[in-house]
Each structure stands twice: as C-alpha cells, then as structure tokens.
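Trainee: Please take these sequences and the hints and turn them into a complete structure.
Number of protein chains: 2
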Amino acid sequence: MEYYSKQISDLIGELSSLPGVGSKSAQRIAFHILNMPKDRASSLASAISNARENVKFCKTCFTLTDQDICPICSSNKRNKKVIMVVEDTRDLVAYEKVGKYEGVYHVLNGTMNPMQGIGPNDIRLKELFERLEGDVDEVIIATNSTTEGEATAMYITKLIKPTGIKVSRIASGVPVGGDLECIDEVTLLRALEGRKEL
Amino acid sequence: MEYYSKQISDLIGELSSLPGVGSKSAQRIAFHILNMPKDRASSLASAISNARENVKFCKTCFTLTDQDICPICSSNKRNKKVIMVVEDTRDLVAYEKVGKYEGVYHVLNGTMNPMQGIGPNDIRLKELFERLEGDVDEVIIATNSTTEGEATAMYITKLIKPTGIKVSRIASGVPVGGDLECIDEVTLLRALEGRKEL
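Protein chains in written order, with the working numbering: chain A, 1 to 198; chain B, 1 to 198.
Source of the hints: derived by calculation from the structure; they are not laboratory data.
Just so you know, nobody snuck in bad clues.
Okay, derived cross-link-like pairs now, DSS-like style, lysine-lysine, Cα gap no bigger than 30 Å in a straight line:
(1) 24(B) x 56(A)
(2) 126(B) x 166(B)
(3) 100(B) x 24(A)
(4) 158(B) x 100(B)
(5) 126(B) x 161(B)
(6) 6(A) x 77(B)
(7) 126(B) x 6(A)
(8) 126(A) x 97(A)
(9) 126(B) x 38(A)
(10) 24(A) x 24(B)
(11) 97(A) x 6(B)
(12) 81(B) x 6(A)
(13) 6(A) x 24(A)
(14) 6(B) x 126(A)
(15) 6(A) x 59(B)
(16) 97(B) x 59(B)
(17) 56(B) x 24(A)
(18) 80(B) x 6(A)
(19) 100(B) x 59(B)
(20) 161(A) x 126(A)
(21) 38(A) x 38(B)
(22) 81(B) x 100(B)
(23) 97(A) x 196(A)
(24) 38(B) x 24(A)
(25) 126(A) x 81(A)
(26) 196(A) x 161(A)
Sample of chain B residues with no beta-carbon within 10 Å of chain A, all distances over it, derived:
(27) 74
(28) 76
(29) 113
(30) 114
(31) 115
(32) 118
(33) 135
(34) 147
(35) 151
(36) 157
(37) 159
(38) 166
(39) 168
(40) 170
Remember, it's a predicted structure, so these values are computed and weren't measured experimentally.
We put the beta carbon where it would ideally sit given N, CA and C, even for glycine.
Mentor: Here's what the structure looks like:
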C-alpha cells in the first residue's frame with residue numbers, strides 16, 4: 001500500500017537515491033520541501049537543472065566549470081609549468097582554499113580501479129600526457145591516500161619518469177592537530193619514513 | 001573568492017539549506033547530481049517542483065495529499081467516529097504502516113509552543129473542534145512525547161472533556177526491544193505508572 005500520495009513518494013524516492021541520504025532523512029527533507037515557500041522550492045529545482053545542464057569539463061584541466069576553459073587555466077597569474085594531478089573537482093577546491101598553490105591542475109575525474117574495471121583509459125590520463133608534451137617542469141600527484149589513489153599515483157609516476165619531467169607526491173603523515181594514539185599504523189609508519197631533519 | 005563556478009555554488013548553497021545536510025554533504029550531493037545522467041537530474045528537479053505545486057492539505061484531516069479529500073478520509077472502510085490526533089503527516093504514516101488502526105486522523109501540522117509564539121490558533125485545532133461537532137465517539141491523542149507534544153495533548157484534553165467525548169492518550173513506556181539500562185528516567189517512571197496487571 002502507498003502511504004503517501006504519488007508526488008510525495010516520488011519525491012522521497014528521488015531524494016533517497018542521493019548519497020548519504022537514507023529513507024528517514026529523505027522523508028524529513030521531503031516534508032521540509034513541502035513546507036517551503038513555493039519560490040524557494042522552485043529555486044532548488046532550478047539550481048539542480050541549471051547545474052546539470054550548464055556545467056561541463058574545462059577543456060584543459062577537466063575540472064567542472066561553466067566555461068570552456070576554467071578561470072584557473074585561463075588566469076595568467078598561474079604557473080602553467082607546474083601541474084597538480086587530483087582525483088576530482090572537490091580536491092582541486094580543497095587546495096584552492098589553502099590559497100598557496102600557484103600552479104595549475106589536472107582533474108582525473110576518477111582513479112584507476114581494476115576491481116571495478118576502471119583502467120587508465122577511463123580517467124583523464126591520455127589528456128594529462130598530451131599536456132606534458134608542452135612546457136612542463138613538475139607534476140605534483142595529489143590523488144587520495146587510498147589504495148586506488150596510490151595505485152594511480154604509481155602508474156602515473158612510472159610513465160612520467162622516463163620523460164625527465166620532475167614528479168612529486170604530496171606528503172603523507174600525521175595530520176596537523178592529530179593525536180598519535182588515534183592514528184592508524186600505516187600513517188604512523190609513513191610519518192616516520194618521511195621525517196625531516198630539523 | 002568563488003572556488004566553484006556559479007551554478008555549482010548555487011546548487012551547493014540550495015542543498016546545504018536542507019535539514020540534516022551540512023556543507024560537506026551538500027558538496028557530495030552536488031557532485032553526485034553533476035555526474036548523474038541528465039534525465040535523472042531533471043526527474044529529481046521535477047519531483048521537487050511537482051510535489052511542492054500539487055500537494056495540499058486534505059480538507060477534512062489536513063494531512064498532505066494530492067486530492068481534496070485524502071484516501072483515508074474518503075474511504076468507507078474507516079471508522080469516522082474515532083479520530084487520532086497527530087502532529088504531522090509522517091506520524092500518520094507511521095501508524096498507517098502498523099496497519100491495525102481503523103479510525104481516521106486529524107493532523108495538527110505542528111504543536112503549541114509558547115516559546116516560539118505558536119499558540120492554539122496556529123495549529124489545526126479549530127478544525128478539530130469543528131469535526132467534533134459531528135458524530136464522534138473517541139479522540140486518541142498521539143502527539144509526540146515531547147514537552148510541546150504533551151502540552152498540546154493536555155490542552156486538547158481539557159477542551160474535549162466537557163463535551164463528553166472519550167479522550168485517550170497513546171501509552172508511554174519502554175519501547176519493545178528496549179534495554180532498561182539505556183532508557184531515561186522519565187520513561188521508566190511512566191512505564192511503572194502505566195503498568196498492567198497480568
């Protein structure tokens with residue numbers, strides 16, 4: 001039996017397909033939407049369709065943007081000779097928020113994951129190597145510190161090394177403010193291996 | 001500085017205004033939407049606008065429905081002489097899922113909350129008393145067991161008592177499967193007071 005009228009259960013169904021939204025929160029959000037002023041609900045609906053319709057990949061770095069070339073790639077203040085490779089646009093934004101990185105990015109939009117059948121051709125690797133044919137000094141690999149992220153980093157490193165371009169990997173270790181006793185063993189080992197002389 | 005293009009940050013802003021969605025989950029949901037097939041994104045958007053446009057209050061019980069009179073109020077299998085008073089449509093659905101209640105409902109769409117300036121005239125109480133002028137045997141008060149829910153229950157009880165209509169309140173006590181040591185003192189006291197002879 002349907003407990004809610006069709007529109008409400010459609011809405012709950014759509015919402016519960018979103019990541020991190022279970023059936024209870026989908027119900028809560030649905031009732032929040034039903035109690036919104038009509039213009040607020042329609043601005044939410046149009047934000048969804050607008051974003052999906054107009055946002056595309058930057059033709060250079062493949063971040064999500066509303067322009068052909070994203071503001072970072074088209075800025076002449078950024079050093080185009082240094083490319084940071086990240087998994088997705090959120091990672092790019094995380095580094096942009098730091099505000100200290102002056103190079104450009106390359107967004108893979110995924111990582112290699114043989115278990116799920118995602119190979120080197122399914123992420124933006126070919127496009128990265130095309131960019132490296134230009135004038136590039138350094139590639140900084142900033143994929144996540146997960147199995148897939150590390151495997152992708154190793155794969156990229158192996159292919160770039162022979163070209164003579166400098167390749168680096170962001171440091172792995174104890175996060176600032178982190179409490180040693182709460183940190184996993186692999187991270188502790190990495191932090192030890194990556195120690196710096198003072 | 002804007003880290004995301006306008007459409008993306010609009011979408012993140014709209015999503016993070018939803019209940020239970022913080023800024024990190026809003027980003028995650030936004031990128032999920034950006035990576036959805038276009039027709040899935042537009043069906044999500046239209047579910048939101050459809051629900052908000054077409055769902056209204058039932059003219060009898062004030063539940064949210066797409067018809068003038070909801071299926072429960074218009075069903076001739078339900079006992080119209082027993083009215084269960086609930087706070088919102090979700091509470092009605094919770095009891096409908098149990099499937100044992102054969103009466104009808106009255107949805108207050110809120111509770112009295114003097115601290116927030118919500119008085120008896122701001123919830124559907126007048127409409128409840130209008131219904132009681134008809135042929136009603138019993139009013140079951142099933143507002144939540146919160147301070148506001150209890151206060152609303154007491155207020156309704158006080159007004160109905162003189163009319164001679166039977167008023168009851170759903171039982172308060174230890175939930176089935178509940179572990180005594182994890183249950184708060186007020187609930188334990190209620191369970192003791194409401195004990196039944198076996």
